[in-house]
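If you read the protein sequences in the order shown, they are chains A and B.
Note that the first sequence covers residues 9 to 132 in my numbering.
Note that the second sequence covers residues 9 to 132 in my numbering.
Hints in this document: simulated from the structure, not taken from any laboratory.
Among these hints, one or two may not hold up.
One copy or two, either will do: identical chains are not told apart, so a pair holds if it fits within one copy or between any two.
[Stated by the list, open to error] Taking lysine to aspartate or glutamate pairs in the EDC-like style, the calculated list, with each CA pair at most 20 angstroms apart, reads: (1) Lys43 <-> Glu54; (2) Lys12 <-> Asp73; (3) Lys12 <-> Asp33; (4) Lys12 <-> Glu56; (5) Lys12 <-> Glu72.
Protein chains: 2
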Amino acid sequence: MLQKIVLNDGFARFTDTWSPKVAGDINGMQVKLAKFEDAFTWHHHEVEDEMFLVINGRLRIDLEDGAVELSPGEFVVIPHGVEHRPVALPTAEVLLFEPATTLNTGNATGDSRTVSDLDRLDVW
Amino acid sequence: MLQKIVLNDGFARFTDTWSPKVAGDINGMQVKLAKFEDAFTWHHHEVEDEMFLVINGRLRIDLEDGAVELSPGEFVVIPHGVEHRPVALPTAEVLLFEPATTLNTGNATGDSRTVSDLDRLDVW
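This is chain A alone, in the form it adopts within the complex (with noise of 0.2 angstroms):
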């Protein structure tokens, strides 16, 4: 049988920032839930668009042309190439829709943040 994911039973199952978990996968995209806390690093994706859906908590991302500001129930979509910086007020829990290829820290691989080999939350 199909298992529902419980967003908000994801997000309690991990604690740390920065550090996408897969829990799903569509066509080669990848469902993911993520914690937020400050800032993140600016950085691009060369192929990857990126959507970012609030669940809980406040998130700014600054965009080299100003800001877009989301709360719970609202999202955007970043395009890939675009320079982006994720800002969590002061925290966030987040949806994200992109490409299982997507990194973290896009062309920002020097950043002591990048996570190459995700965690699962959607493993029974």
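Keeping the supplied structure of chain A fixed, place chain B upon it in accordance with the hints.
Same frame as chain A, but now just chain B:
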């Protein structure tokens, strides 16, 4: 500047049921918002996996070997090839994440609710 989507504002912009609206594009996939009421048609998708995330209301997805019930903040991924029937209890507002090629009625193309040219909510 990139625009955010407020999910509940998006849902407020249409009333028709079983007619998904495109709210964003992510590398060939689409985020769609849809209103469901009562039972839909049994169908499957030959190629496309499909994610259902309930935002408001309640949704049951019938499967050949059981059913999954979803409340707000809960999602399931239906893999391609899996026969399913969404049933709102009695209404649901749902975020879909699926390939842009996904037809709402899948292989049940004779259904009167088949929609092949979707409206967009992210045009300002």
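* **20 angstroms Cα threshold - placement of glutamate 72 relative to lysine 12** => between (38 angstroms within a copy, 16 angstroms between copies)
* Identical-chain pair category, lysine 12 with aspartate 33, by Cα at 20 angstroms -> For lysine 12 and aspartate 33, the Cα distance is within 20 angstroms only inside one copy (13 angstroms; across copies 24 angstroms).
* **Within, between, both or neither, where lysine 12 and aspartate 73 count as close if Cα-Cα is 20 angstroms or less** => between (39 angstroms within a copy, 15 angstroms between copies)
* Asked: How do lysine 12 and glutamate 56 come out at 20 angstroms by Cα distance, when the copy is not named: within, between, both, or neither?
  -> between (26 angstroms within a copy, 18 angstroms between copies)
* **Intra- versus inter-subunit Cα pairing at 20 angstroms for lysine 43 with glutamate 54** => Neither: 23 angstroms inside a chain and 35 angstroms across chains, both beyond 20 angstroms.
Going through the hint list in order, the structure does not satisfy hint 1, though it satisfies all others.
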